[in-house]
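**Student:** Those sequence lines, one after another, are chains E and U. Residues 1 to 114 in our numbering are what the first sequence lists, from first letter to last. Residues 1 to 114 in our numbering are what the second sequence lists, from first letter to last.
In short, the hints are calculated from the structure, not lab data. Take the hints with a grain of salt, since some may be wrong.
Restraint ranges, calculated between C-beta atoms of paired labels, are given here [what the hints assert, rightly or not]: (1) U:Pro114 / E:Lys53: 19 to 29 Å; (2) E:Arg44 / U:Lys109: 40 to 50 Å; (3) U:Asn61 / E:Gly40: 37 to 47 Å; (4) U:Pro12 / E:Arg110: 21 to 31 Å; (5) U:Asp8 / E:Asp59: 35 to 45 Å; (6) E:Glu22 / U:Ser28: 49 to 59 Å; (7) U:Gln71 / E:Pro61: 41 to 51 Å; (8) U:Gly53 / E:Gly40: 33 to 43 Å; (9) E:Ser67 / U:Pro40: 25 to 35 Å; (10) E:Thr5 / U:Ser3: 26 to 36 Å; (11) E:Gly40 / U:Ser30: 26 to 36 Å; (12) E:Arg14 / U:Gly53: 27 to 37 Å.
Covered by chain U, per the in silico footprint, the following chain E stretches (three or more residues, Cβ under 8 Å) [stated by the list, open to error]: (13) 41 to 51; (14) 64 to 74.
Keeping only pairs whose Cα atoms sit at most 30 Å apart, straight-line, the calculated DSS-like set for lysine-lysine is [what the hints assert, rightly or not]: (15) U:Lys109 / U:Lys58; (16) U:Lys58 / E:Lys70; (17) E:Lys13 / E:Lys71; (18) E:Lys57 / U:Lys49; (19) E:Lys57 / E:Lys3; (20) E:Lys53 / U:Lys113; (21) U:Lys69 / E:Lys3; (22) E:Lys18 / U:Lys113; (23) U:Lys69 / U:Lys113; (24) E:Lys55 / E:Lys13; (25) E:Lys3 / E:Lys18; (26) U:Lys101 / U:Lys69; (27) U:Lys109 / E:Lys71; (28) U:Lys101 / U:Lys58; (29) E:Lys71 / U:Lys113; (30) U:Lys101 / E:Lys3; (31) E:Lys55 / U:Lys101; (32) E:Lys13 / U:Lys113; (33) E:Lys57 / U:Lys101; (34) E:Lys3 / U:Lys109; (35) U:Lys58 / E:Lys55; (36) E:Lys57 / U:Lys109.
These figures come from a predicted structure and were not determined experimentally. Using N, Cα and C, we set each Cβ at its ideal position, and we do this for glycine too.
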Amino acid sequence: DVKVTQSSRYLVKRTGEKVFLECVQDMDHENMFWYRQDPGLGLRLIYFSYDVKMKEKGDIPEGYSVSREKKERFSLILESASTNQTSMYLCASRLRDRSNQPQHFGDGTRLSIL
Amino acid sequence: AQSVTQLDSQVPVFEEAPVELRCNYSSSVSVYLFWYVQYPNQGLQLLLKYLSGSTLVKGINGFEAEFNKSQTSFHLRKPSVHISDTAEYFCAVFRWDNFNKFYFGSGTKLNVKP
C-alpha cells in the first residue's frame, strides 16, 4: 500500500513565523500535491510537483512556497504565517503524469496560526 | 472552467437505509472520476474510480457508483448504510487535457443515525 506521511498531525504557530509542513511518500511517485481544506470549500490546490525540483502553482499559491529536492519529499512553506492560513493541510502523491492513477493522501496537518 | 458539484452538503440517514450522494461535473472532454471518503481527523481514502468500460463501478465498504455521460453525473450509492459510514465524501474529476489536475467537489457529510 502507498504510504503518505505528514510530519505533524497538529501544529500551532504564531503570526509572522515561517512554517514548514513536510510530506513523505514511500512509493516512488513522481507527482506530489499540497491542498488546503476548509469547511464548505472542499479541497483547494496550493501547489503541485510533477518531478524533483519541478513545481507548478495551483489555485491558491499566494503566501506559500514549496520545495522538492528529493523524489519522496515535498515541503510546503508558509513564508510569514497569517491567521487566514489556519486550516487543514493535505498532502497527496500520484504515480505519474497523464495516467489513470488516483491520488493517495496523508492524514493531514491541522495548522492553527495564533 | 471545470466544476464539480455536490449538491448536498449534508445527508442525514438512518442506519440500514439506502443512500445516494450526488455528483455532477462539467466537462466537454474525457474524464476519470473518483469518490473519496474522509473519516474524522483523517486524510482522504479512495472509495472507487471510473476509468472506462462498465458504467457501474463497485468500491470498498459496499459502495458503488454509476457514470452517466449524458447527464455528466457520477452518483454514489449504498443499499444499506452503517453507523461506521458516517464521514465526508468527496467526488473528484481528472481531465486528460488539463495537465495533472484533479478537481474536487465541496464534499457531502453523511450522518448515519441509529
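**Student:** Measuring from beta carbon to beta carbon, are U:Gly53 and E:Gly40 in 33 to 43 Å?
**Tutor:** holds (34 Å)
**Student:** Within a Cα-Cα threshold of 30 Å, do E:Lys57 and U:Lys101 meet the stated pairing?
**Tutor:** Holds, at roughly 11 Å.
**Student:** Straight-line Cα separation of U:Lys109 and E:Lys71 no greater than 30 Å?
**Tutor:** violated (34 Å)
**Student:** Tell me if the straight-line CA distance from E:Lys53 to U:Lys113 falls inside 30 Å.
**Tutor:** violated (48 Å)
**Student:** With the threshold set at 30 Å, check whether the alpha-carbon distance from U:Lys101 to U:Lys58 stays at or below it.
**Tutor:** Roughly 24 Å separates the two Cα atoms, so the pair holds.
**Student:** With a cut-off of 30 Å on the C-alpha distance, tell me whether E:Lys55 and U:Lys101 pass.
**Tutor:** holds (13 Å)
**Student:** Given the hint of 21 to 31 Å, check if U:Pro12 and E:Arg110 actually sit that far apart at their C-beta atoms.
**Tutor:** holds (26 Å)
**Student:** Quick check on a hinted range of 40 to 50 Å for E:Arg44 and U:Lys109, using CB atoms only.
**Tutor:** 18 Å Cβ-Cβ, so the 40 to 50 Å window is violated.
**Student:** Do the Cβ positions of E:Arg14 and U:Gly53 conform to the proposed distance bound of 27 to 37 Å?
**Tutor:** violated (52 Å)
**Student:** So is the segment 41 to 51 of chain E in contact with chain U by the C-beta rule, three or more residues under 8 Å, or is the coverage claim wrong?
**Tutor:** With 6 residues in contact (Cβ-Cβ under 8 Å with chain U), the coverage given for the segment 41 to 51 of chain E holds.
**Student:** Sort out whether E:Lys3 lies within 30 Å of U:Lys101, counting only the CA atoms.
**Tutor:** Holds, because 21 Å separates the two Cα atoms, which is no more than 30 Å.
**Student:** Would you mind confirming whether the straight-line C-alpha gap from U:Lys58 to E:Lys70 stays at or under 30 Å?
**Tutor:** Roughly 36 Å separates the two Cα atoms, so the pair is violated.
Of the numbered hints listed earlier, those contradicted by the structure are 1, 2, 3, 5, 6, 7, 12, 14, 16, 20, 21, 22, 23, 27, 29, 32 and 35.
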